[in-house]
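Enquirer: Residues per chain are reported as follows:
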Amino acid sequence: MLEIKNLHVKLADEDRVIINGLNLSVKAGEVHAIMGPNGSGKSTLSYVMSGREGYEVTEGSVTYKGEDLLAMEPNVRASKGVFLAFQYPIEIPGVATMQFLKVALNSQKKARGEKELSTPDFMRLVKERAARLNISPDMLKRPVNVGFSGGEKKRAEILQMAVLEPALCVLDETDSGLDIDAMRVVADGVNGLRSPDRAMIVITHYQRLLDYIVPDQVHVLSQGRIVKSGDKSLALELEANGYAEFESEAA
Amino acid sequence: MNVIVPKTAAELNYGLSLPHRKMEDWRWTDLRQLIDRPYPPHQTVVAAPKDVEQLLKSSPFVKVAGARMVFVNGHYSAEHSQLKNDELAAQVKSDESVIHMNAAFATDGARLKISGTADTPIELLFIATNADARTIATRNVIEIEKGASATLIETHLGEGSYLSNSVTEIIVGEGARLDRIKVELEAADAIHLSHAHFTLLKNTVLNDFTLTSGAKTNRQNGTVDFKGPGTDAKVSGAFMLGGKQHADTRLMIDHQVPRCTSRELFKCVMDDHARGIFQGKVVVQRDAQKTDGKQSSHALLLSETAEFDAKPELEIFADDVICGHGATAGDLNHDHLFYLMSRGISASDAKSLLIAAFVGEAFDVIVHEGIKEALVKFSNKWLAEHRRAK
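For the protein sequence lines, the chains are U and B, in the order given. Numbering of the first sequence is given in my numbering, commencing with residue 198 and proceeding in unit increments. Numbering of the second sequence is given in my numbering, commencing with residue 56 and proceeding in unit increments.
Source of the hints: derived by calculation from the structure; they are not laboratory data. Be a bit skeptical, because a hint or two may be false.
What the hints assert, rightly or not - In silico EDC-like pairs for lysine to aspartate or glutamate, Cα to Cα no more than 20 Å straight-line: (1) B:Lys118 <-> B:Asp174; (2) U:Lys277 <-> B:Glu229; (3) B:Lys406 <-> U:Glu253; (4) U:Lys338 <-> B:Glu424; (5) B:Lys406 <-> B:Glu416; (6) B:Lys112 <-> B:Glu214; (7) U:Lys306 <-> B:Asp404; (8) B:Lys299 <-> B:Asp91; (9) B:Lys406 <-> U:Glu288; (10) B:Lys77 <-> B:Glu151; (11) B:Lys112 <-> B:Glu134; (12) U:Lys207 <-> U:Glu253; (13) U:Lys338 <-> B:Asp419; (14) B:Lys345 <-> B:Asp375; (15) U:Lys299 <-> B:Glu428; (16) B:Lys299 <-> B:Glu440; (17) U:Lys350 <-> B:Asp390; (18) B:Lys406 <-> U:Glu270; (19) U:Lys338 <-> B:Glu416; (20) U:Lys312 <-> B:Asp404; (21) B:Lys406 <-> B:Glu424; (22) U:Lys299 <-> B:Asp404; (23) U:Lys307 <-> B:Asp404; (24) U:Lys338 <-> B:Glu428; (25) B:Lys168 <-> B:Glu229.
As the list claims (entries may be wrong) - Pair ranges (Cβ atoms, derived): (26) U:Asn331 <-> B:Gln344: 46 to 54 Å; (27) B:Ile377 <-> U:Asp408: 49 to 57 Å; (28) U:Ala328 <-> B:Asp141: 54 to 62 Å; (29) U:Arg321 <-> B:Val431: 19 to 27 Å; (30) B:His389 <-> U:Ala268: 14 to 22 Å; (31) B:Val431 <-> U:Lys324: 17 to 25 Å; (32) U:Ser222 <-> B:Lys436: 27 to 35 Å; (33) U:Lys306 <-> B:Glu416: 24 to 32 Å; (34) U:Glu256 <-> B:Lys299: 42 to 50 Å; (35) U:Arg321 <-> B:Gly381: 37 to 45 Å; (36) B:Ala133 <-> U:Ala328: 55 to 63 Å; (37) U:Glu434 <-> B:His389: 38 to 46 Å; (38) U:Ala268 <-> B:Lys299: 35 to 43 Å.
All residues carry an ideal CB built from backbone N, CA and C; glycine is no exception.
Whenever a hint applies, use it, and build me the whole structure from the sequences.
Expert: Below is the structure:
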């Protein structure tokens, strides 16, 4: 599904290189965890995949379902099934959550040549998905992420994911700022979306989320490249020994 | 040494002087230059019925308004009105330029005394049909009687080239409430000058909203006189401007008595070469203790060539007050745009959503849901038409 080859990324208006020869291959149905210390390039990787401005790819390629992902506008990537759950979801005053979700879903459907959802069908879908994530109707009435607590914002991201049903989900530090109960709700939401047609990349600093979302593969990211890959036991190793080993190795 | 400035053609035709940029209040809107030819007053224009019908239908409030009072080319139209004029004399005398011009040229106007609670909105509709360039002036006097409550819409529409001068005096009686919604959708080649003068007595509530989207040149003055304590006034507005439109709003909020609150919020969208100006002055007189006044203007500039000027002023003579003002100008937030696009929304749709959200905040002052919906619909239509070419 996703093939990243020798990816090099620098900041657009600075010379600093963030991703430095990264390779990653993700197949449908798999869950990959990317772990690494602060500043290793985790968030940059997620932004480059979703098409945020401010980054420049100097070398390498990202191929998604056989197509050049980097050549697409962010909305085209989304309609083709790429979804980023933001580490810091953005507040948009004045845009109602329901309206936002509906425009997003129907924009994607339109782009894929599918039939758009009617308002009653859409309402039914959102209510059903929201209930599973303990999201109250009151939250849905508010503007996008405005006045949401940290945990509510993360749940709202997973709700968007559940409504939009992407093929490739990238979760950027979805566990940050969550207490254990909130994390369980989020993890249940994510696990509910696991399917043979869907791949997930879970980016995290800590191992604890991976107790709930059990990955098929774990990769250690350090200084912009993957320095070690393994199965879920690698995450436990990292939890015990920290990242010091990889930081010195890379340096 | 006095420099004699020769009179312009319009000034000679009017027989009076027009304000110009060397006058502080008119520094951004030089009427001597902007009124670039005579717009003769007191013209009699016979309107074709189908032109009138067409314009009546184009009000955004066709489905919302209960009773209407319609003015065609500056004259009351009994045929199209459900309300009759009351006997009310104009009170406001001022040498302010717009009022001065109005006093000389007004031909008619709405005179309404409202008592009790009016359930459905009343619409005052001012239309100008396509004819030779001319000045159309109306003077409206509205009195909301003690304890009464009303929602009043004032709509300005037209075709062709004309100058519309509209002065509205409003007295809100003790314990009364007025929601007023003014919509300026004059013809693209029109000039709109107006002055709304509010006198607010004890314990009154005023919710005022003005949408400015028509005319090539627009200058709207507002004066709010707080005459009785315990009064609450909200004065909001939105600009939706494109092309070479020029809109200048000047407010004077005058706190003369204690324990009143005032809130002004203006949300201004300017595209192309449009220019918006917001001048808001809040005065707190010596006796107006416990005044709570806040004013803000926010501009969204959609092109490099659009412009916004804000001149907020506070003049406080009382010592126990809370007052503040703020003004911002900028373009669309890139993080907001990216977030919307990352969910599959096209750049163009994402921009429209964000612009509508920006303007929509100013609609919040409007209590009547049907009116608010009509305005949301208008703003979406404006965005769709305006942004189609982009």
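Enquirer: Report the numbers of all earlier hints that the structure fails to satisfy, in ascending order.
Expert: The structure conflicts with hints 2, 3, 21, 32, although it agrees with all the remaining ones.
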